[in-house]
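Asker: Here are the chains, one letter per residue:
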Amino acid sequence: MMPMANFPPSDGSTEPHEPRDDAARPGSGVEQSDLELVRRVQRGERGAFDLLVLRYQHKVVKLVARLLRDPTEAEDVAQEAFVKAYRALGSFRGDSAFYTWLYRIAVNTARNTMASRQRRPLDYEADLSESEQSAVESRMRHVDTPEAAALSEEIHSTVNSAIEALPEDLRTAIILREVEGLSYEEIAEAMDCPVGTVRSRIFRAREAIDRSLKPLLD
Amino acid sequence: MTDQIREQMSALLDGELPRGEVDLLVRRMARDAELKRAFGNYVLAGESLRAPGGVMAGKGFAARVSAAIDAEESASPVAEQPAPSSAPSRWRRPLAATAVAASAALAAVLLVRPDSGDSQQFAERSGAPATVPVVTLPVGGASPTPAQNQRLAGYLVTHGQYATPIGRRAAWSNALATDPGIARVTYEPAEAR
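Top line first, the protein sequences correspond to chains A and B.
Taking this note's numbering, I'd label the letters of the first sequence as residues 19 to 236.
Taking this note's numbering, I'd label the letters of the second sequence as residues 34 to 226.
Be aware that a few hints might be false.
[Stated by the list, open to error] Computed list of lysine to aspartate or glutamate pairs in EDC-like fashion (alpha-carbon distance at most 16 Å, straight line):
1. B:K92 <-> A:E172
2. B:K92 <-> A:E198
3. A:K232 <-> B:E67
4. A:K102 <-> B:E67
5. B:K92 <-> B:E67
6. B:K92 <-> A:E186
7. A:K102 <-> B:D103
8. B:K92 <-> A:E182
9. B:K92 <-> B:E80
10. A:K232 <-> A:E186
Rather than coming from a laboratory, the hints here were simulated on the basis of the structure.
Predicted model only: the values in this text are computed from it and were never measured.
Sequences are here, hints too, so could you generate the full structure?
Answerer: This is the structure:
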């Protein structure tokens, strides 16, 4: 079984490529789902904000860690960013994607933190180039605490093992969704099956991964 | 039934859940820790597939965010959930009214209250150093004017916005620097109890 990092791209090319991040796709189902959750928070459903936090916690912590150059404070600052976002959610009108809006709050929070320590912040553009991004992430791995790095590697290993143990149709569906960022409709077309079958396969794949992760994280 | 709910959760994560099913699911998830745990693992699996290794949010991060928001809302008794654009004035008006009606002693209680048990509990939950900040006020002097009470209420809002030790110090420094009329309020971290 090929490791996930070398999973062949769906377009038939042989060049390695970045996984497509569905949150960045304009008009995507995720973007619409986020907007729906935001509207619920604005109507007073606090639980909807918890789901937004669960969805974006890793992205925000990762982003803040890059800006601060110090992963040990990343969670504190990321937490502050989420609290600010919750407080400001009443003014979010959906002109941009929720993640873009959250991303700006996280960037500003990290910059304020750096400024308050009188340290020069990393001059961060909206999108680092691929080489800069991988260089930053490589550097960050070296300054991770040993425990955090070990857990991160163990999570990745566990997820990989769980994926490898899946039946082929479940494995294909979850890879097309999570790595390639295809919609259910696109996956249904690629796998020549109904959308409902795609939904079921992705769910069963996630359940299998969850069963593997649960003992590790509990 | 549980499988059906979890399948809906998986579809919600992908933005593929029909809108009519979102409402009930979100309500269910809000009161079910196991569903939220599973949702978090669904997210983690995707993140791990897309970007193996590197920094990620630690266990309990989402719960700490929730606790921080709870602490902030309980510290500001009339603070409400986010509402369209008028939220800031909705916060300040009742807070200002409360401060105007209160005595100087009550204003001191409002200033001290965010730094007592709530922050202790929050610090414990978040793993931050367990400090109990103490606010001292000058002895004597006249009762605060309505304008001063309104400024105090504004500082309370600003103070409540920051749940970390770093943020609290920055908020207080800025507040004291910008309003010399309240310059005599001091803020000192105390030893943990």
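Asker: Each hint needs a verdict: does it hold in this structure or not?
Answerer: Structure-based check of all given hints:
Distance hint between K92 of chain B and E172 of chain A is fulfilled; the C-alpha atoms sit about 14 Å from each other, no more than 16 Å. Annotation: proposed proximity of K92 of chain B to E198 of chain A is violated, straight-line Cα distance about 27 Å (limit 16 Å). Proposed proximity of K232 of chain A and E67 of chain B is supported: the alpha carbons are some 11 Å apart, at most 16 Å. About 27 Å separates the Cα atoms of K102 of chain A and E67 of chain B, which puts this hinted pair outside 16 Å; it is violated.
Of the pairs offered as hints, the one joining K92 of chain B and E67 of chain B holds, with about 14 Å between alpha carbons and a cut-off of 16 Å not exceeded. For the proposed pair K92 of chain B and E186 of chain A, the alpha carbon gap of about 31 Å is over 16 Å, so the pair is violated. Our distance criterion of 16 Å between C-alpha atoms is met by K102 of chain A and D103 of chain B, whose separation comes to about 13 Å. Between the alpha carbons of K92 of chain B and E182 of chain A the distance comes to roughly 25 Å, so the proposed pair goes past 16 Å and is violated.
Straight-line distance between C-alpha atoms of K92 of chain B and E80 of chain B comes to about 14 Å, which keeps the hinted pair within the 16 Å bound. Taking the CA atoms of K232 of chain A and E186 of chain A, the gap is about 23 Å. The hint is violated against a cut of 16 Å.
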